[in-house]
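> Starting from the given sequences, assemble the full structure and let the hints guide the process.
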Amino acid sequence: MTEALELGDCLLSGAVGLVVKRRSGIAEDVARLVVKELVESGVEVLVDETVDYPSLSGFPRFSISRDPPGRVVVVGGDGTLLRTFLRLGERESPLFMTIKAGKKGFLLDVERYEAVERLRDFLEGRFREVVYPRYRVYLEGEARACMFNDTAVTANNAKMARVHVFVDGDLAMNIDGDGVVVSTTAGSTAYSLSGGGPIIDPRLDVIVLTPLNPVQLFLRSIVVPSGSRVTVEASVYSNPLVVNIDGQYVYELEPGGIVDIERCGSGVRIARFRWWEDYYERLYTRLLAYW
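So the sequence shown is residues 1 to 291, counted in our numbering.
These aren't lab readings, by the way, just hints derived from the structure by calculation.
Yeah, the Cβ is synthetic: ideal placement off N, Cα and C, and Gly gets one too.
Misleading hints may appear alongside valid ones.
Claimed, not checked - The list that follows gives simulated cross-link-like pairs (lysine to any residue, SDA-like), each with its CA atoms no further than 20 Å apart: (1) K104 - S221; (2) K104 - F273; (3) K159 - N244; (4) K104 - R272; (5) K104 - S24; (6) K159 - L283; (7) K36 - G14; (8) K103 - D176; (9) K36 - K159; (10) K104 - Y237; (11) K159 - D170; (12) K159 - P69; (13) K36 - G79; (14) K104 - Q248; (15) K36 - S65; (16) K36 - F59; (17) K159 - V131; (18) K104 - P69; (19) K36 - Y237; (20) K104 - E114; (21) K103 - Y237; (22) K103 - V236; (23) K104 - E281; (24) K103 - T285; (25) K104 - V236; (26) K36 - E124; (27) K103 - R22; (28) K103 - K159; (29) K104 - R23; (30) K36 - L56; (31) K103 - K36; (32) K104 - G25; (33) K103 - G79; (34) K103 - L193; (35) K159 - R144.
To be verified - Per label pair, the in silico range of CB-to-CB distance: (36) E254 - R91: 30 to 40 Å; (37) Y138 - E114: 16 to 26 Å; (38) L283 - V250: 42 to 52 Å; (39) G14 - G196: 30 to 40 Å.
Here it is as structure tokens:
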């Protein structure tokens, strides 16, 4: 189960970092509101090295991959958030606040119109801290990244993928098709869902294995415990494959190659202001009713 910690009313101190979606006028406008509120509250503002807006150029810089402050506000969409988590690596997670300024932004629970109000709550400790697990992805035994959402092992150039999927060493499925998606609970509403996988309630802590367009029509998603070690082996008869981690990092996998996925030691800490209360409402308004 995803760990949720009730902080109650407590004043948090120290600098606040800011990560902002690039090339977005909306994200820049929201970021300026955030900065204004932080400055007026007497809080030191640090801006991530990837932020290139002139309006935010006068603040000290930090790197989420080297020296993140204890608190970080992310303004953007799901892609911005996933890139930030990947850049964090296996370092101890700062406490993140997430503000939606993207097209879908399902993972970000604060809307633009309430950004200032929720920022005040963030500064004064009025939120629930939720720790999301991540999973380390190995390619041929070499650790590549800790995924937050999912890892997809798929065919390249529209050719058939042939993969064997193991859970803790036991064969779970043989797939001839487009490949397989290994997703976290948080990632169950992403690629896995598009492939016919289930929506997992965020209070559950599991891994979902979803075959993509298998020739074996009887194959369906499998839900396994979060502590499982998942292995995806490319058949020696398969075409070359592609491994995509959180939609951001892409690697090639040759026939016979192996991808291992297991729980990463460090999770991600996110301040949530409406923890479970409106999850299914957001699911419909942001995702299921999206076009």
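> Please go over all the hints and tell whether each is borne out by the structure.
Okay, the hints, checked on the actual structure:
1. Of the pairs offered as hints, the one joining K104 and S221 is violated, with about 25 Å between alpha carbons and a cut-off of 20 Å exceeded.
2. Pair hint K104 plus F273 holds up; C-alpha atoms about 19 Å apart against a cutoff of 20 Å.
3. Proposed proximity of K159 and N244 is supported: the alpha carbons are some 16 Å apart, at most 20 Å.
4. Proximity of K104 to R272 is assessed by CA-CA distance (about 18 Å); at most 20 Å being required, the pair is judged to hold.
5. A threshold of 20 Å between alpha carbons decides the hint, and for K104 with S24 the separation of about 14 Å falls inside it, so the pair holds.
6. Between K159 and L283 the alpha-carbon distance is near 33 Å, which puts this suggested pair outside the 20 Å criterion.
7. With a C-alpha separation of about 17 Å, the suggested pairing of K36 with G14 holds against the 20 Å cut-off.
8. A hinted pair counts as satisfied when its Cα atoms are at most 20 Å apart, and K103 with D176 does not qualify at roughly 34 Å.
9. Distance restraint check for K36 and K159: the Cα-Cα separation of roughly 52 Å exceeds the 20 Å cut-off, and the hinted pair is therefore not satisfied.
10. With a CA separation close to 39 Å, the supplied pair K104 and Y237 exceeds the 20 Å bound.
11. Among the hinted pairs, K159 with D170 is inconsistent with the structure: their alpha-carbon atoms are about 27 Å apart, more than 20 Å.
12. For the hint pairing K159 with P69, the CA-to-CA distance comes to about 45 Å; that exceeds 20 Å, so the pair is violated.
13. Our distance criterion of 20 Å between C-alpha atoms is broken by K36 and G79, whose separation comes to about 25 Å.
14. A distance of roughly 17 Å separates the Cα atoms of K104 and Q248; the hinted pair therefore holds under the 20 Å criterion.
15. Between K36 and S65 the CA atoms are separated by roughly 25 Å; this puts the pair beyond 20 Å, and the hint is violated.
16. In summary, the hint linking K36 to F59 is supported, as the alpha carbons are separated by about 12 Å, within the 20 Å threshold.
17. Among the hinted pairs, K159 with V131 is inconsistent with the structure: their alpha-carbon atoms are about 39 Å apart, more than 20 Å.
18. Between K104 and P69 the alpha-carbon distance is near 27 Å, which puts this suggested pair outside the 20 Å criterion.
19. For a cut-off of 20 Å, the pair hint linking K36 to Y237 is broken: about 58 Å separates their Cα positions.
20. Pair hint K104 plus E114 holds up; C-alpha atoms about 17 Å apart against a cutoff of 20 Å.
21. Only pairs whose Cα atoms come within 20 Å are accepted, and K103 paired with Y237 is rejected, the gap being roughly 40 Å.
22. About 40 Å separates the Cα atoms of K103 and V236, which puts this hinted pair outside 20 Å; it is violated.
23. Distance restraint check for K104 and E281: the Cα-Cα separation of roughly 14 Å lies within the 20 Å cut-off, and the hinted pair is therefore satisfied.
24. Distance check on the hinted pair: K103 and T285 sit about 12 Å apart at the alpha-carbon level, within 20 Å; holds.
25. The straight-line distance between the Cα atoms of K104 and V236 is roughly 39 Å, outside the 20 Å bound, and the hint therefore fails.
26. For the hint linking K36 to E124, the alpha-carbon distance of about 17 Å falls within 20 Å, and the restraint holds.
27. About 13 Å separates the Cα atoms of K103 and R22, which keeps this hinted pair within 20 Å; it holds.
28. For the proposed pair K103 and K159, the alpha carbon gap of about 31 Å is over 20 Å, so the pair is violated.
29. With a C-alpha separation of about 16 Å, the suggested pair K104 and R23 falls inside the 20 Å cut-off, and the hint holds.
30. Straight-line distance between C-alpha atoms of K36 and L56 comes to about 11 Å, which keeps the hinted pair within the 20 Å bound.
31. With a CA separation close to 24 Å, the supplied pair K103 and K36 exceeds the 20 Å bound.
32. Only pairs whose Cα atoms come within 20 Å are accepted, and K104 paired with G25 is accepted, the gap being roughly 16 Å.
33. About 10 Å separates the Cα atoms of K103 and G79, which keeps this hinted pair within 20 Å; it holds.
34. Between K103 and L193 the CA atoms are separated by roughly 18 Å; this keeps the pair inside 20 Å, and the hint holds.
35. This hinted pair does not check out: K159 and R144 have alpha carbons roughly 25 Å apart, beyond 20 Å.
36. In this structure the hint that E254 and R91 lie 30 to 40 Å apart at CB holds, the actual value being about 31 Å.
37. Distance hint check: the CB atoms of Y138 and E114 are about 40 Å apart, inconsistent with the given range 16 to 26 Å.
38. Between L283 and V250, the C-beta spacing of about 28 Å breaks the proposed range 42 to 52 Å.
39. Under the hint 30 to 40 Å, the C-beta atoms of G14 and G196, about 45 Å apart, miss the expected range.
Hint compliance for this structure: hints 1, 6, 8, 9, 10, 11, 12, 13, 15, 17, 18, 19, 21, 22, 25, 28, 31, 35, 37, 38, 39 are not met, and every other hint is.
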